[in-house]
Amino acid sequence: MKQLIPFLVIVIGFSVPFNLQAQQQYLTRNGIITFDSKLNSFVPVKAENSSVSAILNSDVGEIAVLALVKGFSFKNSLMEEHFNESYAESDIHPKTTFSGKISNFDVQDSKTYLFSGVLSFHGVEKQLNEIPLIVEIKNNRIGINGEFQLVVSDFDIKVPRIVRSKIPEKIYVSINLDLEKLNN
Amino acid sequence: MRKEVVLIIAFVVVSTTVYVCFFLDRVAPSIELSSAELIYKFSMDSNSNKSNLSENNILLSGVVTTVKKSALIVDKKIFCKFKNGISDVKVGDTIRLFGKFIGYDELFQEYKLNDCSIVNQ
Numbered sequence: 001m002k003q004l005i006p007f008l009v010i011v012i013g014f015s016v017p018f019n020l021q022a023q024q025q026y027l028t029r030n031g032i033i034t035f036d037s038k039l040n041s042f043v044p045v046k047a048e049n050s051s052v053s054a055i056l057n058s059d060v061g062e063i064a065v066l067a068l069v070k071g072f073s074f075k076n077s078l079m080e081e082h083f084n085e086s087y088a089e090s091d092i093h094p095k096t097t098f099s100g101k102i103s104n105f106d107v108q109d110s111k112t113y114l115f116s117g118v119l120s121f122h123g124v125e126k127q128l129n130e131i132p133l134i135v136e137i138k139n140n141r142i143g144i145n146g147e148f149q150l151v152v153s154d155f156d157i158k159v160p161r162i163v164r165s166k167i168p169e170k171i172y173v174s175i176n177l178d179l180e181k182l183n184n
Numbered sequence: 001m002r003k004e005v006v007l008i009i010a011f012v013v014v015s016t017t018v019y020v021c022f023f024l025d026r027v028a029p030s031i032e033l034s035s036a037e038l039i040y041k042f043s044m045d046s047n048s049n050k051s052n053l054s055e056n057n058i059l060l061s062g063v064v065t066t067v068k069k070s071a072l073i074v075d076k077k078i079f080c081k082f083k084n085g086i087s088d089v090k091v092g093d094t095i096r097l098f099g100k101f102i103g104y105d106e107l108f109q110e111y112k113l114n115d116c117s118i119v120n121q
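Those protein sequence lines, which keep their order, are chains S and W.
Counting in the numbering used here, the first sequence runs from 1 upward without gaps.
Counting in the numbering used here, the second sequence runs from 1 upward without gaps.
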C-alpha cells in the first residue's frame with residue numbers, strides 16, 4: 001500500500017491540470033437578443049436586449065444563456081411597461097434562460113450547428129429541439145447567430161380579449177452572441 | 001356661461017389628479033445608493049417578492065474595478081452597461097453613475113445596470 005502512494009500522487013498530479021485545461025470556456029455579457037412580431041402593425045411589437053450573458057463550454061458543446069427580462073427595451077415606453085407588468089410579469093419572473101447542448105460541436109469548425117435544450121420564460125420551461133444557428137470561430141472568439149420562432153401561447157401568457165388581435169401568435173427571436181475565450 | 005366655467009374647472013382638476021396619480025411618480029428623482037446598499041436592498045426585495053428597486057433609476061456610487069469597451073464593473077459586483085462609449089475612466093476611480101437596474105445575473109453572479117451614464121461630481 002505504501003508503495004502505491006507516490007504512484008497515486010503522480011497520477012493525481014498529472015490529471016488535475018489536465019482537467020482544468022479541458023474545461024475551456026467562452027463568455028459574453030453583451031449578447032443581443034431581439035424579438036419581433038414581423039407584423040405590419042401601427043406600433044411594431046419589437047424589443048432588443050443587448051446585455052445578454054452566455055457561457056459556452058467548448059469541449060463538450062454545452063451552452064447557458066441568460067437574459068434579464070427588464071433588459072428588453074421597446075421603442076414605445078408604454079409598450080415596455082405593459083410587457084413587464086402584464087405579459088412577462090418581470091417582477092415575478094425576472095429572467096429568461098436557455099441551457100442546452102450543441103450537437104457534434106467542434107471548436108475548429110465554423111458552420112451551422114443544431115442547438116437543443118430548455119428555454120425558460122415566464123416560469124414555463126419549453127424544450128427546443130435542433131434549432132439551427134450559425135457558429136463562426138476565429139481568433140479566440142466564437143460568434144453565434146440565428147433566428148427561430150416561438151409560439152406565445154406556449155408560455156402561459158394571458159392576453160385580454162380586447163387586445164388579442166394586436167398580440168401576435170408567433171414571435172421571431174434572433175440571437176447574436178460574440179463569446180470571448182476565457183484566459184485561464 | 002357659468003356651466004362652461006364649471007366644466008373647465010372640473011376638467012383641470014381631473015386632469016391634474018390623473019397626472020399626479022399616474023405620471024408624476026415616473027419622473028420622480030432616482031434613489032442614490034452605494035454598491036453594498038444596492039445588493040442589500042435587492043436581497044430584501046427578493047425575500048419579500050416585491051420589487052422597489054426596479055421601478056427606479058438608480059444613482060450608484062462606487063469604485064471601478066474593471067473597464068470594458070462599453071461597460072464598467074463597480075466594486076466587483078455591479079455590471080454597468082453604457083449607452084455610449086466610456087472615456088477617461090480608470091480602474092480605481094471613484095465614480096457616480098446613473099442607470100436603470102434590471103436585476104441579478106446568476107451566470108456571472110453580478111447585478112446589472114443598463115443605459116448608464118456618468119454623473120459629474
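Calculated from the structure, these hints are not laboratory results.
Note that the structure is predicted; figures quoted are calculated from it, not measured.
A portion of the hints provided could be inaccurate.
What the hints assert, rightly or not - Derived lysine to aspartate or glutamate pairs resembling DMTMM-like cross-links, with alpha carbons at most 20 Å apart:
1. W:LYS100 / S:ASP109
2. W:LYS100 / S:GLU62
3. S:LYS75 / W:ASP115
4. S:LYS95 / S:GLU81
5. W:LYS83 / W:GLU37
6. S:LYS95 / S:GLU136
7. S:LYS95 / W:ASP115
8. S:LYS75 / S:GLU89
Said to hold, decoys possible - Not the full set, but computed from the structure, chain S residues with beta-carbon under 7 Å of chain W:
9. ILE55
10. LEU68
11. GLY71
Stated by the list, open to error - What the simulated footprint calls covered on chain W by chain S, stretch by stretch (three residues with Cβ under 8 Å from a Cβ of chain S suffice, anywhere in the stretch; the number is not a length):
12. 70-83
13. 103-109
No residue lacks a Cβ here, since even glycine has one placed at the ideal position from N, Cα and C.
- Assertion that chain S covers the stretch 70-83 of chain W - criterion: three or more residues, beta-carbon distance below 8 Å: With 4 residues in contact (Cβ-Cβ under 8 Å with chain S), the coverage given for the stretch 70-83 of chain W holds.
- Task: Below or equal to 20 Å on CA atoms is what counts here, so check LYS95 (chain S) against GLU136 (chain S).
- Result: violated, 27 Å
- Query: If you take the shortest Cβ to Cβ gap from LEU68 (chain S) to chain W, is it below 7 Å?
  - Reply: holds, 4 Å
- Measure nothing beyond the straight line between the CA atoms of LYS95 (chain S) and ASP115 (chain W); if it is 20 Å or shorter, mark the hint as holding. This hinted pair holds, its Cα atoms lying about 18 Å apart.
- Message: Please verify whether LYS95 (chain S) and GLU81 (chain S) have alpha carbons no more than 20 Å apart.
- Response: Within the cut-off at roughly 16 Å; holds.
- Does the alpha-carbon distance linking LYS75 (chain S) and GLU89 (chain S) stay inside the 20 Å limit? Satisfied, since the Cα-Cα distance of roughly 19 Å is no more than 20 Å.
- Mind checking the alpha carbons of LYS100 (chain W) and GLU62 (chain S) for me, to see if they're no more than 20 Å apart? Outside the cut-off at roughly 31 Å; violated.
- Verify the proposed pairing of LYS100 (chain W) with ASP109 (chain S), using a straight-line Cα cut of 20 Å. violated, 39 Å
- Message: Next item in the hint list is ILE55 (chain S). Is there a CB on chain W closer than 7 Å to its CB?
- Response: Hint on ILE55 (chain S): holds, closest Cβ of chain W at ~6 Å, below 7 Å.
- Message: Hinted pair, alpha-carbon criterion (20 Å max): LYS83 (chain W), GLU37 (chain W). Please report holds or violated.
- Response: violated, 24 Å
- Item | 20 Å limit on alpha-carbon distance, applied to hinted pair LYS75 (chain S) and ASP115 (chain W) | holds, 14 Å
- Item | Hint check: 7 Å Cβ-Cβ cutoff, GLY71 (chain S) to chain W | With a minimum Cβ separation of about 5 Å from chain W (threshold 7 Å), the hint on GLY71 (chain S) holds.
Hints 1, 2, 5, 6, counting from the list given before, are not met by this structure.
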